[in-house]
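2 protein chains.
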Amino acid sequence: MSEFNNVTVVKEANIYFNGAVTSRTVFFQDGSRKTLGIMMPGEYSFNTGSAEVMEILSGELTVLLPGSPDWATIRGGEAFEVPENASFELKVTAVTDYCCSYL
Amino acid sequence: MSEFNNVTVVKEANIYFNGAVTSRTVFFQDGSRKTLGIMMPGEYSFNTGSAEVMEILSGELTVLLPGSPDWATIRGGEAFEVPENASFELKVTAVTDYCCSYL
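Residue numbers (our numbering), protein chains in the order written: chain A, 1 to 103; chain B, 1001 to 1103.
Hints in this document: simulated from the structure, not taken from any laboratory. Nothing here was measured: the structure is a model prediction, and the numbers come from that model. Heads up, some of the hints might be wrong.
Stated by the list, open to error - Dumping the calculated SDA-like pairs for lysine to any residue here, alpha-carbon to alpha-carbon at most 25 Å:
(1) Lys-11(A) with Pro-1069(B)
(2) Lys-1011(B) with Thr-1048(B)
(3) Lys-91(A) with Asn-1018(B)
(4) Lys-1011(B) with Glu-3(A)
(5) Lys-11(A) with Gly-1076(B)
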């Protein structure tokens, strides 16, 4: 297990797609922000504001990144980056635990 | 929105019932612990170690507490307490966001 120390956690969850995707927002002392979330199996479209790094802690999904012709399979321990102001598609094939860092 | 400051958050989620119930563990400077979690609609049985206070942030469920003859409906903004070393039953009727405090 790893942990984040001396952080602020927003108590209320972020709830999307009727609860199929949920997360908690974590603020760091340097002002940066991450979300720790869960995605249930399903297909989802997301849009970024700032660029994001999606670190997959456990589970499995395939992602179609902007400008990419192919879906990429991502598993626990792997990550992918999404540019700012972009859309991306996910097919979550196993309950997925993730950490999203906003760059 | 409310928040917890100067806390430690365990990065990896607690995942139960194939992802239908998930949570994040938060440690406080006084040594106490809470979990912030999501329950998808469904029926669940839980066991407590220490006593717990389940604060429902949003959503709706009914709970059958140990020794109680009736199911009680709990909605966002309400809470219930479960004694230590006890079992309780939940019927979650709407995606429920909760904060569990371990006493």
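Do the hints match the structure? See the list:
Taking the CA atoms of Lys-11(A) and Pro-1069(B), the gap is near 32 Å; set against the 25 Å cutoff, the hint is violated. The suggested pairing of Lys-1011(B) with Thr-1048(B) holds, with an alpha-carbon distance near 23 Å, which does not exceed 25 Å. Restraint check for Lys-91(A) and Asn-1018(B): satisfied, since their Cα atoms lie roughly 17 Å apart, inside the 25 Å limit. Straight-line distance between C-alpha atoms of Lys-1011(B) and Glu-3(A) comes to about 5 Å, which keeps the hinted pair within the 25 Å bound.
The straight-line distance between the Cα atoms of Lys-11(A) and Gly-1076(B) is roughly 13 Å, inside the 25 Å bound, and the hint therefore holds.
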